[in-house]
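Given chain A, put chain B in place with the hints provided.
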Amino acid sequence: MSTGKILPIADAAETWRYTRGLLARHRAPLVVITVANTVAAVAGLVGPLVLGKLVDAVIDGTTVEVARNLVLVAAAAVVLQALITRFAQRRAMVFGETVFADMREEFVETVTALPLSTVETAGTGDLIARTTRDVGRIQNAVRFGVPRLVIAVVTLVLTVVMSMIVSPLVALGMFVGVPVLVTVARWYLKRATPAYQRESAAYARLDGTVTESVEGARTIDALRIGRRRTTRGDEDLHEAFEAELGTLNLRTVLFPGVDFAFMLAPITVLVWGAFLASEGTVTIGMVATVVMYAYQLQGPIWELIFWLDEIQVAATSLSRIIGVRLVPADRTAGDAVPVDEEVRGVDVRYAYRAGTDVLHGIDLDLRVGERLAIVGPSGSGKSTLGRMLAGIHPPTGGTVKVGGVPLVDLPLEDLRKHVALVTQEHHVFVGSLAENLRLAKIDAGDDELMDALRAVDAHGWVESLDDGLATEVGSGGYKLTPAQAQQIALARLVLLDPHTLVLDEATSLLDPRAARHLERSLNAVLEGRTVVAIAHRLHTAHDADRVAVLDGGRITEIGPHDELVAAGGEYAKLWHSWQHE
Amino acid sequence: MSVVLRTVLVVRSLPLADPGTPPLRGPLTLLLWLARKQVRVLLVAMLFGVVGFTCSAFQPFFLGRIIDSASASGLDRTTWSWAGLMLGVGLVWIAANAIGHRWDIAAWMQAAFRTSQLVTRTVSRSGHNITKELPTGEVVSSVANDTMRIGEIFGIAAQTIGSIATYGIVVVLMLNQSFTLGLVIALGLPVVAAILALLVKPLQKRQKEQRDAQGRLTTLGADTVSGLRVLRGIGGEKVFTGRYRTQSQKVRQTGVDVAGTQSVLDALQILLPGLFIALVVYLGAVEAIAGRITTGQLVAFYGYASFLSWPVHLLVQSVNVVTKAHVAAGKVIKVLQVVPATGADASTAEMPPADVPLVDETSGVTLRPGRVVALVSADPDESADVAIRMGRFDDAGEVGTPVTLGGVRLAELDKDELRERIVVADATPSLFSGRLAGELDVRDSANAEALLRAMHIADAHDVLDSLPDGIDGEIPEKGRSLSGGQRQRVALARALLTDPEILMLIEPTSAVDAHTEARIAQRLTDWRRGRTTLIVTASPLVLDHVDDVIFLEDGSVVTHGTHRELLDLPTTAEGGREAARYRRVVGRSLDDDLDLELDELLDTANAQEGGTA
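Heads up: the sequence lines are chains A and B, in that order. Per the working numbering, the first sequence starts with residue 1, numbered consecutively. Per the working numbering, the second sequence starts with residue 1001, numbered consecutively.
Extracted from the complex, chain A is given alone in its bound form (with noise of 0.2 Å):
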């Protein structure tokens, strides 16, 4: 149930269809640098032009102030080019800035918009692989490789067109490596994702084992398991190495293939024009100029090839981002509002997989302002029954109904204002303290903030703080104790002010001591509200008004604590051996 599995993974046309559009929403700057690196390139041009002029000057015998001219323009043309450049480069990086930027910002806002049941199914890890792996990895093709290949494109093109404009016929001669090229690139580039994508792969493991090794020194060296460690280590190096080995072994083709048609291409350029120069067809002049295009068409095509690869590889990568907007909603809203605070489930079933019920048809009311506490052993479905009394998923049979209305027919920020989860995870997000209790309500000030704290006994420890509610916390920042962590997210609870509350071992992770005293701060809070709590520990039972045993996706044994303990079921075999009688 919590595997990763469940994200999608976009195909190769709704992959395109994306791109598209985004290129589509930035086409003026896409415009703008295409125009300026044609201008540039074709400044880059001008050089070999002036060489073969001054070859055919100097061969029909010229003065050095011809030279001189034909040089100065050389010289402004590269004065030029270099002036466009620098305008062009700089649009062309900002431009895949911005680009880059946008991607990332709607894709945050998918996610934190993915349907409450999908983000408790799907388990965090995959989730946080494409915010920072994927993300990662599209952002050299995007920030460098689109303007990059914009660039490539262009000077290939017009240096092609313009040795054709010099002689079309010497030009011919610059063909004669595009077969081996297109090949040897073509076999390269099949190969190339999934072995560079082994290579990122194999790195990515050998981080995930330094963490592991690092976040657990001490149980490592507790268990006195160094050595399997480093062995684990050398393991992921060797993978590392066999993956390199691969790339590189492709490259091992890849280069001489390359490198052999550009040989190829001046020294046909040179043969052939030797001939058509001896035949009076063409000058050697031009013959230059051709030769020096033909070196200049190194640069571009290795950038495409380069390029090509890197952005197969960021493909994938897109793909599984684009795959995070297709997960469908999980609900649609409707408008009809609750009556009353009464919640009420009836004949409610949940299957993770299609046709193992975990819950068979549990009915369950909740009396206004009571305290519930589910018990029962791991497995017995308890806390899948409280992600449904909260509205989380929608159950695959029955309903749970607030005033009237199904849970999943309310609006999302109604639904909060009505039942509410608190789960074992407790999360200090990056920020301020106030930052992070104002995430149940925006709008609060200092002093509501205060009293919510005040309300979970945490406002003392807050005040201690030298910058008390603005103190910086989460990861990097003041290091809260679980406890607190906890009182932070009940405090939230307090300012989201729902009128029921599902607890889903909400303390079990604390030492036994925080628990109880958190649990005590909780039963003064949550005064007033109906309380659904999913409980281990066995005095949180003893407090509520009824206890519900679950056992295999069935309620065993409901009502209060004493009535249970005397009808000497379940609860009561493990009551009294709590209570050591």
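Derived from the structure by calculation, the hints contain no laboratory data. Everything numeric in this text was worked out from a predicted model, so none of it was measured. Incorrect hints may appear among the rest.
Listed next, the in silico DSS-like pairs over lysine-lysine satisfying Cα-Cα at most 25 Å (straight line) [as the list claims (entries may be wrong)]:
| hint | chain 1 | residue 1 | chain 2 | residue 2 |
| --- | --- | --- | --- | --- |
| 1 | B | K1331 | B | K1205 |
| 2 | A | K441 | A | K417 |
| 3 | B | K1132 | A | K479 |
| 4 | B | K1238 | A | K417 |
| 5 | B | K1478 | A | K479 |
| 6 | B | K1205 | B | K1250 |
| 7 | B | K1238 | A | K441 |
| 8 | B | K1334 | A | K479 |
Just chain B, lined up with the frame of chain A:
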């Protein structure tokens, strides 16, 4: 031939069996040590670099000869033979280039991987000192980035040296044909390279700013996703996307700054060599018009001048690579300098025999051989600290709090042997990714039956069910797919499988439900019965099963006895006040206003006990 081919094509397999022990005096020393360690690879790479570049430097020369021959006599024998020569030398160039690239990568990998090995070895033996001294991110980044940066020096070295050698050859070739031109090239190129190199520093600074901003953005993104369940549960998505957007735009702005500098560098790389070529061509044309050189040589000069942008480019690139590698080496050294928390010095005492008591002299906690004992304290941190101390995790920090095994201080013993005898399982032990069976059996000694028995004792069968391949299933990084309770039970099974003489478990059941805890308490104590075991806990379900309970207050043992004895001891009896305080700790609340209720409860319980007895 095939032997030769194999020798030049084969890349030595990595990682190395022994990465060696580097000097840690400074970044430069480390880099030089690395170079010395792979001097052969570097020399071969350089050989191919020089051969390759030399061959390509001769291309303009042949070009000029062909032009001359063609303008003199068209496509005749001379033209053909020059073309043939050009092709032949070109083929050598292509081969040298391809093979040289393999050696460049070999050199790069060996330096990068050797450094990675050094880091992983340091991390594996550092104990908690690594996290105490450096943030996790920095250590990971030293492998993910810094080792790669270090490798790049060795990857680019051969090319750079080859291109500089070629630069010399070209200068000689040109000096032969025209002294002025040769001089212009000899002096002009270094000037161009120097000017361009000046821009490297500011560019790197801006790139670093962008990387830092990017790093913060990635953290923010990952943080939002990590907390997504919480976020989706209570709202506040808008706040977060807003923050992400702000930081994202900051990154964009730093990128725009980089673009400013980068585009200047790009433009200068066109302007300076371009003007340089123009100058060479002008001077060449003057010579040609005067008849001192041929037109072919003029074309060749153009070719030389363009070719020389390569050495310039590589030199600028090298300045970039070297500065980055120097910084990276400094960061790696910081990691390598971390001293292991325990066992950094050799042992000074003989290992005491089996079945001797383990004593924490500070608190007075004594583990007698063969007893299953629980340690209880009003402050759970305090009892956990005692257990950790008794496991020896910090030689420097534990100087003032001696723990002895059979009268010998733990710090004086051989650490490996000690870890074999004493195993402490932390309150929050880490799981590592890998095959479940392998991750459980860290001593590589258990059979399938023992594995399943340990999983049974830890009541972790549901973990086997949740993995597609059961005991052979893969656990993902940090055991992320398991719930908190599942992780704790797997870690417990792992600790049990080490089957040490002395086992200490800190809060082994804090994250499991009461049903499960009851089962684990029973099975665990049965399994360890007769072998020295310490469990730090305040849970009655566990306390009920141990041989002896030690009660700690303010860091010292105040009383001990069986759970039952301590529960039953009247407050007025000797040690009764301590027992009462114990009851308060293991009872259901510590809070003052509940104490009365608690006392009543205890009294009732006692009365009932008395009644039934």
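Hint by hint, here is what the structure shows:
no.: 1; hint: B/K1331 x B/K1205; verdict: holds, 17 Å
no.: 2; hint: A/K441 x A/K417; verdict: holds, 11 Å
no.: 3; hint: B/K1132 x A/K479; verdict: holds, 14 Å
no.: 4; hint: B/K1238 x A/K417; verdict: holds, 17 Å
no.: 5; hint: B/K1478 x A/K479; verdict: holds, 21 Å
no.: 6; hint: B/K1205 x B/K1250; verdict: holds, 16 Å
no.: 7; hint: B/K1238 x A/K441; verdict: holds, 11 Å
no.: 8; hint: B/K1334 x A/K479; verdict: holds, 24 Å
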